[in-house]
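One letter stands for each residue in the lines below.
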Amino acid sequence: MKRRTLLTAAALSLALGAPASADDPVKAGFIYIGPVGDFGWTAGHDRARREMQEHFGDALETSIVENVDYGADAERVMSQMALSGTDVIFAASFGYGPDVNTVAGRFPDVAFQHATGYIQDHPNVSLYDARFYEGRAVLGHIAGNMTETNTIGYIASFPIPAVIMGINSAYLHAKAVNPDVNFRIIWTFSWFDPALEADAAETLIEQGADVIMQHTDSTAAVRVAEDAGVMAFGQASNMVDFGPNAHLTAIVDRWAPYYIERVQAVMDGTWEAETAWLGLADGIIEMAPWNDRIPEELQAEADALVAAIASGEYHPFTGPINRQDGTPWLAEGEVAQDSELLTMDFYVEGITQDLPN
Amino acid sequence: MILGSINPAVLLAALMVAATPILLAAIGELVVEKSGVLNLGVEGMMIIGAVTGFVIAVNTSSALVGFIGAALGGMVLSLLFALLTQVLMTNHVASGLALTLFGLGLSALIGQGYVGVTPPRTPKLDLGWLSEIPFLGRALFSHDIMVYLTIALVAGVWLFLSHTRAGMILRAVGENHDAAHALGYHVKRVRTLAIMFGGACAGLGGAYLSLIRVPQWTEGMTVGAGWIALALVVFASWRPWRAMAGAYLFGGVVVLQLNLQAAGVRIPVEYLSMSPYLITIMVLAIISSGKARGSLNAPGSLNRPFHASN
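Going line by line, the protein sequences match chains H and V. Sequence positions in the first sequence follow my numbering and run 7 to 363. Sequence positions in the second sequence follow my numbering and run 8 to 317.
Read the hints as simulated data drawn from the structure, not as lab findings. Treat the hints loosely; a few may be bogus.
[As the list claims (entries may be wrong)] With a straight-line Cα cutoff of 20 angstroms, these simulated SDA-like cross-link-like pairs (lysine to any residue) come out:
{"id": "1", "chain 1": "V", "residue 1": "195", "chain 2": "V", "residue 2": "185"}
{"id": "2", "chain 1": "H", "residue 1": "181", "chain 2": "H", "residue 2": "33"}
{"id": "3", "chain 1": "H", "residue 1": "181", "chain 2": "H", "residue 2": "336"}
{"id": "4", "chain 1": "V", "residue 1": "131", "chain 2": "H", "residue 2": "235"}
{"id": "5", "chain 1": "H", "residue 1": "181", "chain 2": "V", "residue 2": "271"}
{"id": "6", "chain 1": "V", "residue 1": "131", "chain 2": "H", "residue 2": "212"}
{"id": "7", "chain 1": "H", "residue 1": "33", "chain 2": "H", "residue 2": "233"}
{"id": "8", "chain 1": "V", "residue 1": "131", "chain 2": "H", "residue 2": "232"}
{"id": "9", "chain 1": "V", "residue 1": "131", "chain 2": "H", "residue 2": "340"}
[To be verified] Simulated coverage check for chain H against chain V, where a stretch passes if three residues somewhere in it have a Cβ under 8 angstroms from a Cβ of chain V:
{"id": "10", "region": "42 to 53"}
{"id": "11", "region": "89 to 99"}
{"id": "12", "region": "184 to 197"}
{"id": "13", "region": "201 to 213"}
Glycine is no exception: its CB is placed at the ideal position from the N, C-alpha and C atoms.
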């Protein structure tokens, strides 16, 4: 009974509060899967939050909760945010999907922005994502050229479309410049576990990889690569400090312009649910400065590839591409549809390992 | 299938490294539980050890001093637990959980200026001709000193618990604190010392992660290692050598699955990672059925608060 009264009171104050408080700052809440100090994925979102805070000044109030697990924890944190008058909630991880939609159903006046998700059950849930596969294509191109052992190690987190897409994109572009290239992939089933990622990197190096790619959030693999004298790519943030020699480049996430645009819409009262999938063209991702050890011609090629993707002249998934089992996927010149990419659950032809279920 | 690319010697070597941090924390917690105290704050003490060890190692440019600092850091945090549970008579479980949360937060604060810093290297121990032995040299005799110290510590704890008078007093306190008290032993003093030992060991385990295995400071970097250590103690049914076997088994599962994956063998990673916890749950289930309790060796007064007036 008590709880119901509380909820009603909160809902009333929300409904009444909105028009009356034009001068009050808009409140934006962020929930993160990892610590803001991961120097990777979560750090990227928090960098954007701070940039946005600076942009809006007193007109915006932001709050964060880090290290929030998927499920009941996330639901509790988001409900708490909604009850304390937050206008827009950014849930910055794939796995929050079900929780975002549960809470969004309960608080129809709060705007929800879910990163990299696919579930949109309510009109107040927006999805946003970056076309990381565009950056992965550039990494693959560089890795294929730079490897001497023709073995590239890949530390992957969970077998979800975003990660599988990245592996395929990197492989296709490494293979294009180096037909002998071979990918060794380790799944950690975790986004953030420095010790496990370090062990995975060591295992890959031991098994002959001289370039390490990662789709996990910690900086451990870059550090291990530096110590072992091999090459690596950072993830989500520029990780060059952790491996000045090893770090070739990184896909750096820049969510700030998008965050500013969306919060502005909340302030103006024009916010509407949407599905945004932005890439190199929108500046939502960019490549960290090339390492000097990358030969100049290759740097120029990489620059050209970035430009071609950004201008829309080239799509990283352009046929002919076969599935791993040899069946055709894209015909000559055919470009992958977004819907196909967002549900990708297969490796492309040439990758020898099996995809976990 | 390219199993040929897996080098068994390297696998064994990696297993020992992967097992060391959890073994350090587990052997400390084993002594704590043997004295009748359940400290669920292992994770918090580990991460505090990881950060204090890192900060001190960086500032003194010595990994060894860092490890000493980590042990002290873990011990200081464990004293807080001792104060709560032994002096203020609070609930062990709640205090331990609070210790973990506190440790995670405090470590993030302490480590703020140290993200991206490279710690001083811990040199590999030079074992001369031993390291030259084919296979065994690479697998067993090419590690840093902490790997061997940890094994020595396990031997020491075993010796202490089973062959020394002090060890027997500690066990008596853990088995039946009222009887031990009646015999004139200082239950709280023994338990406080055990808690401090556990804190120091957990701190060392954390520092092994931040100074050797990863090696860098990252917030929240222990990611559950402390909980694995707690599970290990139960898994080992409170016997030091079994704890070591369990830690190596656990490390082995982790390292083996990584190697098999990299070699392209299709394995159910989720189930493999789950297996140590499943075994622990089974052990716990057996313990809770009264009859088997004795055979599993659980300390009689474990998690029972002691007050002289009882």
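The hints, checked one at a time:
1. V/195 to V/185: 12 angstroms, holds
2. H/181 to H/33: Given that 20 angstroms is the threshold and the Cα spacing comes to 47 angstroms, the pair is violated.
3. H/181 to H/336: Roughly 17 angstroms between the alpha carbons, so the hint for residue 181 of chain H and residue 336 of chain H holds.
4. V/131 to H/235: 18 angstroms, holds
5. H/181 to V/271: Between residue 181 of chain H and residue 271 of chain V the Cα gap is close to 18 angstroms, so the pair holds against 20 angstroms.
6. V/131 to H/212: The given pair, whose Cα atoms are some 18 angstroms apart, holds under the 20 angstroms limit.
7. H/33 to H/233: 44 angstroms, violated
8. V/131 to H/232: Roughly 18 angstroms between the alpha carbons, so the hint for residue 131 of chain V and residue 232 of chain H holds.
9. V/131 to H/340: 55 angstroms, violated
10. 42 to 53: Since three or more residues must qualify, the claim that chain V covers the region 42 to 53 of chain H holds, with 4 doing so at under 8 angstroms.
11. 89 to 99: Not satisfied, violated; 0 residues make the cut.
12. 184 to 197: It holds: at least three residues are needed, and the region 184 to 197 of chain H offers 6 whose Cβ sits within less than 8 angstroms of chain V.
13. 201 to 213: Satisfied; 10 residues make the cut.
Violated hints, in rising order: 2, 7, 9, 11; the structure is consistent with all others.
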